[in-house]
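Using the hints, build the complex out of the two chains.
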Amino acid sequence: MTGFPSFAVFLKILINGVLVGCMYGVAAIGLSLIFGCMEIVFIAQGAVMILGAYCIYWMFTLTSIDPFFGFLLILPVFLAFGWLMYTGLFQRVAKAGKNPSLLLAFGLMVLLEHVMSLVWSPNTRTVATSYSALALGLGSINISFTRLMVSLLALITTGLVFLFLKKTMLGKAVRGVSEDMRAAALLGISPIWVSAATFSIGIALAGIAGVATSITYPFDPYFGFLFSLKALIAVAFGGLGSVEGALLGGVILGVLESLSSYTISAGWADAVAYVAFLIVLILRPRGLLGRSVEKI
Amino acid sequence: MENHLLEVRNVDIFYGDAQAVWDVSFYVDKEKIIALVGANGAGKSTLLNAISSFNPLRKGGIFFSGKSTAKLKPEEVATMGISHVPEGRRLFSRLTVLENLELGAYPANTRPFLKESLNRAFDLFPLLRKRAHQAAGTLSGGEQQMLAIARALMARPILLMLDEPSLGLAPILVRRLFETIEALNKSGVTILLVEQNIPQTLKIADYAYVLQTGTLRMEGRGENLISDPNFQQAFLGVMRAST
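In order, the protein sequence lines correspond to chains A and B. With this note's numbering, the residue at position 213 of the first sequence is 213, and numbering never jumps. Each number in this note's numbering comes from the position in the second sequence (counting from 1) with 1000 added on.
These aren't lab readings, by the way, just hints derived from the structure by calculation. Incorrect hints may appear among the rest.
Pulled a few chain B residues facing chain A out of the computed Cβ check, cut under 7 Å [claimed, not checked]: (1) Gly1016; (2) Lys1067; (3) Lys1071; (4) Pro1074; (5) Glu1075; (6) His1084; (7) Gly1088; (8) Phe1092; (9) Thr1096; (10) Glu1099; (11) Leu1103; (12) Tyr1106; (13) Pro1107; (14) Ile1158.
DSS-like cross-link-like pairs, simulated, lysine-lysine; straight-line CA separation at most 30 Å [what the hints assert, rightly or not]: (15) A:Lys95 with B:Lys1071; (16) B:Lys1067 with A:Lys95; (17) B:Lys1071 with B:Lys1030; (18) B:Lys1073 with A:Lys95; (19) B:Lys1059 with B:Lys1115; (20) A:Lys166 with B:Lys1073; (21) B:Lys1186 with B:Lys1030; (22) B:Lys1073 with A:Lys167; (23) B:Lys1067 with B:Lys1032; (24) B:Lys1073 with A:Lys98.
From a predicted model like this one, the values you see are computed outputs, not experimental measurements. Idealized CB from N, CA, C, for every residue including glycine.
One chain only, chain B, in its complex shape (with noise of 0.2 Å):
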């Protein structure tokens, strides 16, 4: 076997009797950005849910450092190393800002570095460290974005998700969530990157997978994908679906 860091092996995944994604495969290697790109409904949700156990299979299988996770609870594949920040957020909004965090580091096998883990994340996002006490529900959108990765990182995740983590952000901060993005990715945590903010991603992306309605359509590096005439008119097409 490969030596994939998450492996997605020609996956059928349904809702209830409504097929949402057909035969898809895709890999991610370690310390890398992998996106997935496409429209609302394409299936990149369904995905990332499928990874973290909320959504069975089926047909196919997922693999995380070749062990497979179709047996595991959400809980249970949180605690192999996947954390995934879902689309929005989702933050205990009437718990205080620290309390998001600590529960970040809840399992057991993360609680012993709480207090490391906390100074990182206050290090690499300043601002929680002031906002610390108060409820996270209190919090201005950018400053959730960052709460949410920042609660993720908790437990010192070897594979980071991020649904759709640009939505409803004004453009300055979503460049600079990039920078993050980015910036985490150096620091060793490989990124699995869901959005529908295709040239910014593509820039960040070592490689991208694009879908459509349910299908991997095409996939490639970010910049050849770019330059690619025919993934500029399924992209003008996605530009046009999602406005």
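Chain A with its partners taken away, still in its complex shape (with noise of 0.2 Å):
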């Protein structure tokens, strides 16, 4: 027990809990994208990013390749591996309804922690890069660097896919199909195409998360089910279908969890998390900018 912070400690707890939950925010948004599209509860999301974390790791430990560097390579292998994903697996089996599918991703969820902890070890790790202790003084606060930049990265992204949502033609098509399927086909628009695009775009996020992941926390394999677990919270405080309320659902999360470990303690971090979940889903099941969530 810490009691209550000062105003220059609350201010880091807050800008903390911002930079973290971006994190949370950009897992997020994948999820809501593949729920929102193809009704698939991903629950295997934090096991693919702690995947891109480990391609990082080894990127950097074994070629030196800088993380954000390496972004730039993970990022059109992750977007491939979403559609090779949804193509060969998730297209088949949603079909047969939404359990299948929740039923494979959890089944991909374990193989993929299984595997990697097969290949890396269940040990965890972290990537040291030189700046990973550089820290921005601002006035009496210090604000780590590389979570500013992790954060900036989930900016860019969330704007960037914003864009494509707003503007693009594919992006109106992945909005299209999330409202109604079956009249998006009847405007020639093929709803397994642009389920696979969203799917890889989600899987692509994913990615980029455990970019974030990896230089910002020590991991280890089955550090992603927590992690899904926290992107599905945040979709909900967001609200199902919404970008812009991904992101803020995460970064509530975000700043949730550092209030509460500050002024409660860290145990109590999870259990504060999951009551605001709980509180949110009775007083406002669709979430705080969400829209319905009637199709469910």
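This is the structure we're talking about:
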């Protein structure tokens, strides 16, 4: 118990929470897109993320490629990975209904976790770059450089996804298919093609969140599940199908955790997050910026 | 083979184990207005959905410009030149009017004409231009029907299929709607119209097919049907069933 923080400390906690929350937000946007378009609860999002983190780890330790540069290499690979995952697995299973695809996602998560622990061992890894310990002073407040970079990355990513959905034909088709798949097909829009594109983007977003994790947190192969849960909570906070809501949900979650781990104790951070999740579900099941959840 | 634009030949359609359409045949010729009329549950929408490849056929075949659509997906039928305005319009209510229209021209073969098609849509329904940046869900019923038709026209269809476009519209709007349909037809679009509003439909239709509980009961030119005592009897039955 540390009691109530002073203003400067409070500000630091707030900023830290926002920075961490941006990462939750990116993973949550991916989940939200995949759910909105295909009604698949992609619980393996966290595991895919950790896979991204290990890719960065490998590139960094084996060839000392900088994580931020490695990110550019990972992006196309994860887009392709998402495409294959949809066309090879989920497209077939999605026809059978929501539960089979949830089970498939769960199985995929377990498989990924165990493959990762075979390849990289279950030990906790970190990516320690020359600038990992760097902190920027802002008056009396210190902000971690990597966290700042990561949240910038998250904001840029969110902005790009937002522009994609609003400005491109494919993005508009994604929104159209999310709303009414049959009506979209009647206009000559292939729901399968659009779903595959959405899935790719969702997986790429998991990859980006993985890059972010690798440079800000120690991670192990099983760390992802918790992250999937956090991303789901962020989606529920923000409202399903809303990109800006998912980011906001992530930020709220990050701030809540950061505040409660300072004022109560770190062990309580998760409990506070889950309680907040329950309260949101009870009082505002559509999420804070949400539209309807009726179709679930 | 005859040169019908669309030919539906001896089709049986099932929903699961329940048969909805029995051995129905009809055809649509180029630049005509053809009507499918009948009460609720007569199988009209089922037939349109079968043409759009949503409902598989148990028997028979559907041919567009002489080509079978049996193996095509709905989105492939749409890109062949058939635009289907489904029952209830099914607009993307969270997308803006403009975005709805843009998606109408999504397929690669129609996208190059997007600008042109947009202007044409706005000329046809000037009100939509004013509402362009409004979410489609905020439009009134009449405006939504305009948008649904405009969206279907964005694909520059050869055949436009309208499923109960007059449903839920005020009488004055229904009259305007039928005028629009006639005008579209004069501009060269072939129309397959499904309606329960029989008197108005028969006035504009070149030829009509009357369906009852999944079977074809009668067919003929609009004016002939109206004066046919058999039709009048069935038609009165239809009126009773639909009220």
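Against which earlier hints does the structure fall short, listed by number upward? 1, 2, 3, 7, 9, 14, 19
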